[in-house]
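**Student:** Sequence:
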Amino acid sequence: MQTQGSFPWVVRYNEPLQGAPDFSFLLDHKPAGAKGWVRVGADGHYYLGKQRIRFWGVNVGAGACFPEPDAAVKMATQIAQAGCNIVRFHHMDAFWANPCLIDYARGNSRQFNAQSLARFDELFAQLRARGVYTNINLLVNRRFYAADGLPPEIDQIGEVKAQHAIGCYYPPLIELQKEFARQLLTHRNPKTGRAYAEDPAVAMVEINNENGLIQGWLMGYIDGAPKVFHDDLQRQWNEWLQRRYADTDAVRRAWGERREPLGEEMLRNPRFADGLQHWVVEENGGARLSAEVIPTGYNGAPSVRLRAVQTSPTDWHGQFHQPNLRLQAERIYTLRFAARANRPYTIGMTLMQAREPWEWLGFSQSLALDTQWRTFEFTFTLPRSDENARRAQDDLFGVQNARKAYLGRLAGLHDPAVMQQKAAAEKALRAAVENDSKLKQQCGDPWQDVAATLPIWNKVFLRYDLLERGAAFNCELFRIARGLLRMAQETQKPNAERLREYRESNLDSLKQQLFSEAPIYHDLETVKLADSLSMLVEMVGWRNPLAQKILAGRSPQQRAAELVAGSKLADVAVRKQLAEAGLKAIEQSSDAMLALARLVDEEARAVRKLFEEQVEEPQRQAYQRIAQARFAVYGTDIYPDATFTLRLSYGVVKGYTENGRQVPPWTTIGDAFLHAEKHGHKPPFQLPRSWMDRKDKLDLQTPLNFVSTADIIGGNSGSPVVNRKGEVVGVIFDGNIQSLVWDYAFSDELGRATSVDCRAIVEALRKIYDAGALADELGK
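According to our numbering, the stretch in the sequence shown is residues 13 to 792, in order.
Treat the hints loosely; a few may be bogus.
Just the calculated beta-carbon pair ranges, DEER-fashion [unchecked claim]: (1) L225 x R270: 22 to 28 Å; (2) Q600 x A46: 36 to 42 Å; (3) A414 x T657: 22 to 28 Å; (4) V743 x R481: 41 to 47 Å; (5) M704 x A414: 36 to 42 Å; (6) E614 x Q454: 51 to 57 Å.
Think of the hints as simulated: they come from the structure by calculation, not from any bench.
No residue lacks a Cβ here, since even glycine has one placed at the ideal position from N, Cα and C.
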């Protein structure tokens, strides 16, 4: 660690900060709340009036929430000097804390400790005076008792999180939480003269911290709850079903119940007749687990006994499982077994993918065991599978590839050297134009023209991206629906007045896309559409009028399922029939996706027109004049801008140095096998089975890929690489991460284009794919 020239910065609790480390000047809302209530805007951000506010703060937990008065002043001062503008009061109700807001010494959890409340009032007032807002947590670690007016079984629950899970639905527990909130939030702080519910310095209140019904169920708290609480949940659930559905058949239809006879047993050696064959004991992180078969276990049949010889804080560190099951999405599976423990014990049961990324496959359950044998039975379907992965791989690859590209470009723009280079080049060009009166008259000031479009860009691009570019409706069915609607609308206009993608020159390719026989998977469509509708709400806010029309009172997930299920556009025959029937049929169609396309079309067209006329077209004209200026000043010494014309780039095959490590210019076929082995032959590093099967036939020293300094950009993939003799020696397919900034500035210090070597292509054709004739033809 470099320490020379530095100075120690020690924060002492009893001393205020001095000089540069004092950031309290940033807190210009003094007292906190002076500018009114913090509100959440339609975009989901925090606002004071019309001004956004960002919060940065710390937790103050447990006994630290109740310091003595002198200490409260010091705490508030140091928090403000650290630049924090909010404090989160956490674990105020913790039964294990001393002091605590609740006076547990009274034998219940319904009374406040007067001294703690007074100290909290003081700390809050000191923070408030210094411009520090407050986040108050209501339920974090409160323990409930029978003395609170609850059934005596509440005292049998040792884990407070389990009590809180029950508190999500059990009315008496909910009333106790409301009582606590009323006691605290209606209490009038004598230091401020206001109740907490009336004080704008309280920026937010967390009703429930890290507790929920689903979480409680996954943790086994719901199933393991005493009968009085379990029965109440069952009662409420049944009453809700009765209110919502007319009869049992309606429940079955709504919840997608499917009844199928049991299939064949899938587990190998399911009753341990062959000992532990096909079963695996897995130990991780210090856990030690033993397994042995007991000849006369459940009902006198063989059973397996598991002993936790050494435990670990993490449950998955000790596992007993059977690998290599082949399950499919949407198929029904039933798991049935019996279990007991030598004492009350909770175990976890999960169905997981047995390879990276070790994903949970949708079935997970915590089981509360006792000393008596209990039979468990679970029927479930899988939401994901290898088949689902295959269906989504193109979408996933597109996202990953785009993310890599954008992050690489962003990293380049964050590089001061790149920006200095670009700024100097622009300054020199603008100076040359300024000093040439004829050129200045021809070009004007295109840089200012571009700058004038940016406020409009910033104002409309989000709506343009969501509505017109379709980011809010990311599914194939919507793309088809919009294409059918607009094709019918636009083809009624003269060719010159149409949107460019619907002009005669583009119609054949458009129809090829619209009437493609490629399969459309409704489950994938639903997931993608739900995700993009969620993004729409996140970006524009749920109060946005168009967003409300689009969602129609549903959640994004519900609306996506409704839209996909209500569309028949996956059927190519239906698409062709609608296209032939014309605009009137499309406008009158009850297809849900066509209805969505019609709903958003007017606003989408309007924002497109605005963006094209006031952003794209002025920028295009300005860029044209900048290009003219560049040629006038530099002639043919520089590349022209990309215009979809034939482009030649030159470079040399050359390695580079990255983080002190020399990266060679070539890799070999043997290196590919070593790389796959290093990563355990797991995606995305695994090689195809055909390569693995014929490894011994390959010349592993054959060059596979090479890097060069050829100047490429996105879209160059597939470009041939030609040597000085005019021979094709490779094909461009990528660039290294450092080349992504070439969108803005070229540098061959680290950036490299990546190509596959023709020698590897020929080697694979001959020895893997048995395509020697094709290899011979390529060599002619």
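**Student:** Kindly indicate which numbered hints from before are broken by the structure, ordering the numbers from low to high.
**Tutor:** 2, 4, 5 and 6
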